[in-house]
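Enquirer: One-letter residues, chain by chain:
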Amino acid sequence: MPQFLSNKRLILLLIGVILLVALISLTLRDRGQVSLPEQIVKEAVGAGQSVFSRPAHFVTGVFDNIDSLINTFEENRLLKARLEEFAGVQAEVTDLRSENDELKELVGKEEDLREYNPIQAVVIARNPDQWEEKIILNRGTNHGVKENMAVMTAGGLIGKVTIVTPTTSTVELVTTQNPNYRVSAMVLGEDDVFGLIEGYDPERRELLLKRIDFSVDLKEGDQVVSSGLGGIFPKGIVIGEITEVTIDEFGLTKLAYVKPAADFSMLNHVVIADRLAPEVDGEDNGMTEEEEEES
Amino acid sequence: MIRFLVPIVCLVLFFVEPIFGLFSPLSIGGSFYYVVPRFLILFLIFLTVFYELRHALFYGLFFGLLYDVFYIDIIGLYSFLYPAVCLIAAYFFKKIPQNLLSATLLALGLLIAMEVALYLFFQLIGLTDAPAGTFLTSRLWPTLIANALYLGLLGWVFRSMMVTQDPQRGTKFGLY
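Line order of the protein sequences matches chains Z and X.
Throughout the first sequence, residue numbering follows our numbering, covering 42 to 336 in sequence.
Throughout the second sequence, residue numbering follows our numbering, covering -10 to 165 in sequence.
Note that these hints are calculated values from the structure, not bench results.
Don't be surprised by glycine CBs; every beta carbon is placed ideally from N, CA and C.
Keep in mind that a hint or two might mislead.
What the hints assert, rightly or not - To list a few chain Z residues with every Cβ distance to chain X over 12 Å, as calculated:
#1 Val100
#2 Glu115
#3 Gln131
#4 Glu173
#5 Glu174
#6 Leu237
#7 Val312
As the list claims (entries may be wrong) - Some chain Z residues close to chain X (C-beta under 8 Å, calculated; not the full set):
#8 Lys83
#9 Val130
#10 Met307
Said to hold, decoys possible - Within a straight-line C-alpha distance of at most 27 Å, the following computed DSSO-like cross-link-like pairs (lysine-lysine) qualify:
#11 Z:Lys276 <-> Z:Lys300
#12 X:Lys84 <-> Z:Lys49
#13 X:Lys83 <-> Z:Lys49
#14 Z:Lys251 <-> Z:Lys276
#15 Z:Lys49 <-> Z:Lys150
#16 Z:Lys300 <-> Z:Lys260
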């Protein structure tokens, strides 16, 4: 033991610890910003990672294909039943769409919160120590990705972009524990109800929809979608459906548990939504950056 | 040859980890299990005990830094933990019987220590509020089992890769 901690080593150890604490606290404070050396490392590792992720996705794709082949008969029967409904729904959608366009023209409304430019991206990695739910995509500022954009799969919303470099972007999933992570959402019904997706219950594996007006009646099974009022996300991305409605910890507003519609394991192809309507600074929590600094 | 082999293996393990991370969380019977691949650090522990500490420290620092920058965005976490774990491994391995089984057990023991340290750290900075029980059942045991499987499959490959590089070492460690 005396050899293990001689004087010189002790001093070195102390200096090391001080440096370490300084580095950690420094990088903890501004995790959103990426300095140039960090960016270079991210680019390089990202390039290497996409080389490795391609065959991995190929292999899992093969397994998925085999899996779906096994269920083909059952699925086919179900789909045939749905196909008859589909024709009717299709006709209705076309009808409603043209009507919507006409009405928009009538009131002279051009911008729509719903419209967005989809940017296709492939997941090249998932943060292997899964303390924070993060994935890394192979698209960056070169492809038009910006911070705080919504990311979704065919199932629904999965997260938002937190860090972008020219060719990669880091996405924080909605299942994160980060208390500052908010998404403006609304519950579809006869009257739309607005709230904020704020927080995640890891044991129930459900999102928390908070700040709902106390007088509003919500039902289990109601669909929750993004409202587009946060300033960055487009409107109408499916988030999930309500499984339980309770009162929040202060007893002033309602809280609903929302089961996410997207499947978060084995993410592969995702879509980044670049909203066409002008974006507001901030984090899709309904505040601009200036307001946030004040609060 | 080991001079080229070690960095290549490290690089491959570093890139393979997040791909295995894509499979997690595993859902078995309605409950979810987080399996964290720790391939690189287990390899580095083997490098420490069967080859040389200095190399392991260097690679630990380098890949720890990459890990921090690319995934965690907190610089200094893994770039500290990886070399620290290697140092502790070197310290303890002198005091126990030196064979493959003991090295595997030591590596797994250190893995538990590292996971607990990380849990405490992330709890400190408020990124997780999972109670200790949840941490044990949904994260630590699955991770440990998966990584033990990995070491069981590849541990002897690593060992023979390192031991055969140095003829003097080859005689020092017996078959068992």
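Enquirer: Are the hints correct? Go through all of them and say.
Expert: Hints and how they fare:
1. Val100: 10 Å, violated
2. Glu115: Non-interface label stands for Z:Glu115: nearest chain X Cβ at 21 Å, farther than 12 Å.
3. Gln131: 35 Å, holds
4. Glu173: 6 Å, violated
5. Glu174: 10 Å, violated
6. Leu237: With a cut-off of 12 Å, Z:Leu237 remains clear of chain X, as the shortest Cβ separation is near 19 Å.
7. Val312: Correct as stated: the minimum Cβ-Cβ distance to chain X is 18 Å, above 12 Å.
8. Lys83: 6 Å, holds
9. Val130: With a closest approach of 32 Å, the Z:Val130 hint is violated.
10. Met307: With Cβ-Cβ at 6 Å, under 8 Å, it holds.
11. Z:Lys276 <-> Z:Lys300: 19 Å, holds
12. X:Lys84 <-> Z:Lys49: 24 Å, holds
13. X:Lys83 <-> Z:Lys49: Cα-Cα ~23 Å, so holds.
14. Z:Lys251 <-> Z:Lys276: Measuring from Cα to Cα gives roughly 18 Å; hence the hint holds.
15. Z:Lys49 <-> Z:Lys150: 73 Å, violated
16. Z:Lys300 <-> Z:Lys260: 13 Å, holds
Checked against the numbered hints above, the structure violates hints 1, 4, 5, 9 and 15; every other hint is satisfied.
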